[in-house]
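> For the sequence shown, position 65 (counting from the first letter as 1) is numbered 72 according to this note's numbering, and the numbering increases by one without interruption.
By construction, these hints were calculated from the structure, which means they are not laboratory data. Check each hint, because a few of them may be wrong.
Said to hold, decoys possible - DEER-style ranges, computed between Cβ atoms:
# : residue 1 : residue 2 : range
1 : Gly65     : Asn10     : 17 to 25 Å
2 : His91     : Arg60     : 12 to 20 Å
3 : Asn10     : Arg63     : 27 to 35 Å
4 : Thr9      : Glu39     : 14 to 22 Å
None of these values were measured; they are calculated from a predicted model. A virtual CB, placed ideally from N, CA and C, is assigned to each residue, including glycine.
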Amino acid sequence: MTNQTGYIVYATDSVGTALGEIEPGVIRLLGEPGDGHVTAVEHIPFGHKFALRALRAGDPVIKYGARIGTATQDIVPGEHVHLHNMRSDFDERASTLDAETALPEDVVYELY
8 MTNQTGYIVY ATDSVGTALG EIEPGVIRLL GEPGDGHVTA VEHIPFGHKF
58 ALRALRAGDP VIKYGARIGT ATQDIVPGEH VHLHNMRSDF DERASTLDAE
108 TALPEDVVYE LY
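Kindly produce the complete structure, drawing on both the sequences and the hints.
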């Protein structure tokens, strides 16, 4: 069995959370819905989301039983789910965050 693990809370969740650095390959799913697995298709950083099933652009992103956002493009099972392919339904500024660093792009910082 794989050492890569992810966590889900409800069977209705569309994303899981990486419990460590994930590389392409099998992710063992831990949590209330019981044992299961999904195959990661790319690197997923620790603590980040990954798709448990296919999502179409416009589909809700469900984590821990709650809608946290909307897919902005089609997402395949095992794909990293983050600012590059989803948007927050609650934080209007999320669309202004850099997809790699999550730093705001709508603020100019000046050093004094």
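> For every hint, state whether the structure bears it out.
Evaluation of the provided hints:
1. Gly65 <-> Asn10: 17 to 25 Å: Violated - the Cβ-Cβ distance for Gly65 and Asn10, about 35 Å, lies outside 17 to 25 Å.
2. His91 <-> Arg60: 12 to 20 Å: holds (19 Å)
3. Asn10 <-> Arg63: 27 to 35 Å: At 32 Å between Cβs, range holds.
4. Thr9 <-> Glu39: 14 to 22 Å: holds (20 Å)
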